[in-house]
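Please build the complete structure, drawing on both the sequences and the hints.
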Amino acid sequence: MSLRAVGVQCPAGDPAGRGAVAGAGPRGPVPRAPFLVDPNSQPAMAARLDTAKAASAAAIAARPIAFSVGDWLGNGVQAEVAARSGQAERAGATAVFMVYAIPHRDVGAGFSAGGEPDAAAYRAFTRQVAAGIGTRAAVVILEPDSLAQMDSLSMAEQQERYQLLNDAVDVYGRLAATSVYLDGAHCGWTAAPIIADRLSRAGVRRTRGFAVNVSNYYRTRDEVARAEVISALTGGAHFVVDTSRNGRGPA
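Under my numbering, the first residue of the sequence shown is numbered 99, with each subsequent residue one higher.
For the record, the hints were derived by calculation from the structure and aren't laboratory data.
Just so it is clear, the structure is predicted and the values come from calculations on it, not from any experiment.
Be aware that a few hints might be false.
[Stated by the list, open to error] Restraint ranges, calculated between C-beta atoms of paired labels, are given here:
1) Arg272 with Arg130: 31 to 41 angstroms
2) Pro291 with Lys151: 25 to 35 angstroms
3) Gly286 with Ala211: 36 to 46 angstroms
4) Ser298 with Arg272: 35 to 45 angstroms
5) Arg272 with Ser250: 23 to 33 angstroms
6) Ala152 with Pro215: 34 to 44 angstroms
7) Glu255 with Ala156: 21 to 31 angstroms
8) Gln140 with Gly174: 34 to 44 angstroms
9) Asp148 with Ala289: 19 to 29 angstroms
10) Gly172 with Pro137: 43 to 53 angstroms
Glycine included, C-beta positions come from ideal geometry on N, C-alpha and C.
See below:
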């Protein structure tokens, strides 16, 4: 897509594709397949316990699923991350973590409102997660919605959020085998030039790249079209597309 199309959000497209698509120019290690398939994930448990839905649940359970890491883990965050990282290492796989604990998460009013109470707590949380990963292979998808929701924060809160994301980028980026991706929202939310600027301010050029469509439903073809524009606007940043929920296209 040419840069003349930077205003494009979600063009019409075919149903979702079957995998992630990458741009160019990343920093950090290449994510190493295979990715961890957790035998005790929610769909795996559903496949064992709900006979009526066993077949469909088993199909989902057979695929890698990111492990969500947030303030709900309390004082056990480092131990939980270490356990998942160790499980992946023993299986010869890479753990995928979706880190979701930024202060004012979901601007304090949405379905996922919460997060760490302040900047100091979040910085400590970041270091606990990093300690749990250590030298093991991992992928970190960093703070879904955090950049797309900037308009709903005060100027002071926006400045703090950029500082915290940059700090997290550097902390996770120092881990030897961890690939870090900032969140780039999705093609139904936040125009490419706006999210590209926010990604740059959050430190995307010091990461592996950015992720789009996290836990959303937009068609892969449309997400790739938007992400290619964002990549061009951020110096060729690599990107990945979450296809976990978009099998039938937009909801």
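Against the structure, the hints:
For the hinted restraint 31 to 41 angstroms between Arg272 and Arg130, the CB-CB distance of approximately 18 angstroms leaves it violated. At roughly 43 angstroms, the beta-carbon separation of Pro291 and Lys151 lies outside the given 25 to 35 angstroms, and the hint is violated. Separated by about 21 angstroms at the C-beta atoms, Gly286 and Ala211 break the suggested range of 36 to 46 angstroms. The supplied range of 35 to 45 angstroms is broken by Ser298 and Arg272, whose beta-carbon atoms lie about 20 angstroms from each other.
Range check, Arg272 to Ser250: Cβ separation about 31 angstroms, and the 23 to 33 angstroms hint holds. One distance hint, 34 to 44 angstroms for the beta-carbon pair Ala152 and Pro215, holds here, with the actual separation near 41 angstroms. Roughly 43 angstroms separates the CB atoms of Glu255 and Ala156, a value that falls outside the hinted 21 to 31 angstroms. Taking 34 to 44 angstroms as the suggested C-beta distance range, the pair Gln140 and Gly174 does not conform, at roughly 19 angstroms.
Look at Asp148 against Ala289: about 41 angstroms separates their beta carbons, and that is not inside 19 to 29 angstroms. For Gly172 paired with Pro137, a C-beta distance near 25 angstroms fails the hint of 43 to 53 angstroms.
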